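Q: Line by line, the protein sequences are chains A and B. Straight run, no breaks: the first sequence in UniProt numbering ends on number 302. Straight run, no breaks: the second sequence in UniProt numbering ends on number 302.
Keep in mind that the hints are not guaranteed to be accurate.
All copies of an identical chain are treated as equivalent in the list; a pair is satisfied when it fits inside any one copy or across any two copies.
[Claimed, not checked] Here are the simulated EDC-like cross-link-like pairs (lysine to aspartate or glutamate), alpha carbons at most 20 angstroms apart as the crow flies: (1) Lys-246 to Asp-271; (2) Lys-246 to Glu-269; (3) Lys-117 to Glu-258; (4) Lys-246 to Glu-270; (5) Lys-2 to Asp-211; (6) Lys-246 to Glu-277; (7) Lys-117 to Glu-133; (8) Lys-117 to Glu-212; (9) Lys-246 to Asp-234; (10) Lys-246 to Glu-80; (11) Lys-117 to Glu-93; (12) Lys-2 to Glu-118.
To be clear, the hints were calculated from the coordinates, so they are not data collected in a lab. Predicted model only: the values in this text are computed from it and were never measured.
Protein chains: 2
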Amino acid sequence: MKTRVETVAIIGLGLIGGSLAKALKDNGFCREVIGYGHREPSLRRGLELGVIDSFTLDLDAALSAADIVVICTPTLVAAEILVDILARTEALEQPPVITDGASVKGNLERAARSACKEFPPYLVLGHPIAGSERSGVEAARSDLYVNHRVILTPVAENSSEALALVSDMWAAAGATVVQMTVARHDAVLAATSHLPHVLAYALVDALAESDESDEIFRCAAGGFRDFTRIASSDPVMWRDIAIANKAALLQAIDQFNEHLQQLRRAVVEEDAAGMHETFTRAKQARDEFAAILAEREQAKTS
Amino acid sequence: MKTRVETVAIIGLGLIGGSLAKALKDNGFCREVIGYGHREPSLRRGLELGVIDSFTLDLDAALSAADIVVICTPTLVAAEILVDILARTEALEQPPVITDGASVKGNLERAARSACKEFPPYLVLGHPIAGSERSGVEAARSDLYVNHRVILTPVAENSSEALALVSDMWAAAGATVVQMTVARHDAVLAATSHLPHVLAYALVDALAESDESDEIFRCAAGGFRDFTRIASSDPVMWRDIAIANKAALLQAIDQFNEHLQQLRRAVVEEDAAGMHETFTRAKQARDEFAAILAEREQAKTS
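The whole structure should be built from the sequences, with the hints applied where relevant.
A: Now the structure itself:
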């Protein structure tokens, strides 16, 4: 028998929250999706588009109506609103299950531990690995999470019921749910996402500063286009992620830099064998990664 | 009146040489294209596909028949074969015009200067900024160079006739021909192409080494896929380019590293304003670059 709940509240109705709302309504995981946020126009638009069933500007109303509350705001806002929500739910006898979709988990765990005497058993932190170049509720798609991973980062204090409910919710949206520790999540995401963004920003900034930047960009080709695409990402979002995931990001930068300096030495010494070995190992890993992606794409279309 | 020549010899018949041969035959720039190389099967295949009109395994025969000789081999092979060709043409009264399509120009200029008493006026070094994921003569396309840049790097000793002829040849293939010094070319290419490849290889190698590499790659998303695509490039080709363009590549690595360390400090200090400024400047430069590319794409399809 599939899990069903009455009401899900989405806190912050953009691409991430809107897509989840749509998916949960489409597959009947809940009877009703309520939207909550500061920006009434987005909520109204979500209602018009049928992404949500109703909305409120009153946080307490959203919390008391919901079986599950999903915080879908940007990273640093999520920490603030989580503290606010915990202050309102800590005293409740039957608090809703609370989860989120933010890119960093460590700052939210720390925020919850500072805000509450004990880590709330009903708070299950999570992160869907999905997105789009587009943003806002208009871009919401019910299949955004299909065959994408959602990483849940339960802690010892979590109730198994709350964990199961959040897991079922994402599975209902079509996602593959995996679990890891908060520290592991933040290290993996630093390596595969936060570090690449920092590298792309650093490279483009270095080139843009040059006197010949115009000539440089005019002579760039397809490889450069793909490599730097993520430097077109939202500066506010990535500034916030870099701050929220500071420790893991610094470790990833340093680990990367060690490898870069190794390669630099190989260039200095014209160590053809060493370079060939490194490039070949990297190519093999990248080709295997491409095969994983191709498999996932095929699963999505079949 | 459009420039026409009798015969062009292509030295090394892969994607780059084959596509040039096809383009020159299609638009009637020359009456005949001769292929020369070490691998007879590739040459025979090129003949079957109509990419070339004839082939020879005798370098002297190719040189004596040609008005223009285009070296289209990989980077380090190009330096060797250039020295060989110069030894055979230096004594000729009417040597053919010689040019090339290799990714680095400084090593070829040095090779020519060591091989000859004077830099040969009829040697015009060049580099088409075009390529494809595919390789080999089977992948040759007559439109590979259309609306792509070709950088020619003339030196003081070059004859203006030789320079004009090479320029006309690439224009006939649909390319936009620009000129810069050898040093500038190698610096620009180090920044936009050779450095990004080194960074992508270094990142993927750093992640592949980790105990959790499987988990890391399974959790990676679209941004990581694009960022690391060039780490799937041919290790031999990039090892050779890194060695051939050593000085400019080291300078690019160091300039990049300065910017990365600046960003690292901003993360350490949680300098939100500084990060926001850098990310915003980089995003703006990347968005402008995307606009250049979009314009070029449009010119290609219209």
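Q: All hints are to be evaluated individually against the structure, with a verdict given for each.
A: Results for each hint:
1. Lys-246 to Asp-271: Classified as between; 11 angstroms across copies, 35 angstroms inside a copy.
2. Lys-246 to Glu-269: Answer is between; shortest inter-copy Cα gap is 10 angstroms, intra-copy 34 angstroms.
3. Lys-117 to Glu-258: The answer is neither: 41 angstroms in one copy and 44 angstroms across copies each exceed 20 angstroms.
4. Lys-246 to Glu-270: Answer is between: at 8 angstroms across copies they meet the 20 angstroms cutoff, but 35 angstroms inside does not.
5. Lys-2 to Asp-211: For Lys-2 and Asp-211, neither the intra-copy (62 angstroms) nor the inter-copy (36 angstroms) Cα distance is at most 20 angstroms.
6. Lys-246 to Glu-277: between (32 angstroms within a copy, 18 angstroms between copies)
7. Lys-117 to Glu-133: For Lys-117 and Glu-133, the Cα distance exceeds 20 angstroms both inside one copy (40 angstroms) and across copies (57 angstroms).
8. Lys-117 to Glu-212: neither (57 angstroms within a copy, 34 angstroms between copies)
9. Lys-246 to Asp-234: within (18 angstroms within a copy, 35 angstroms between copies)
10. Lys-246 to Glu-80: within (17 angstroms within a copy, 49 angstroms between copies)
11. Lys-117 to Glu-93: The answer is within: 16 angstroms in one copy meets 20 angstroms, while 92 angstroms across copies does not.
12. Lys-2 to Glu-118: Intra 31 angstroms, inter 82 angstroms, cutoff 20 angstroms: neither.
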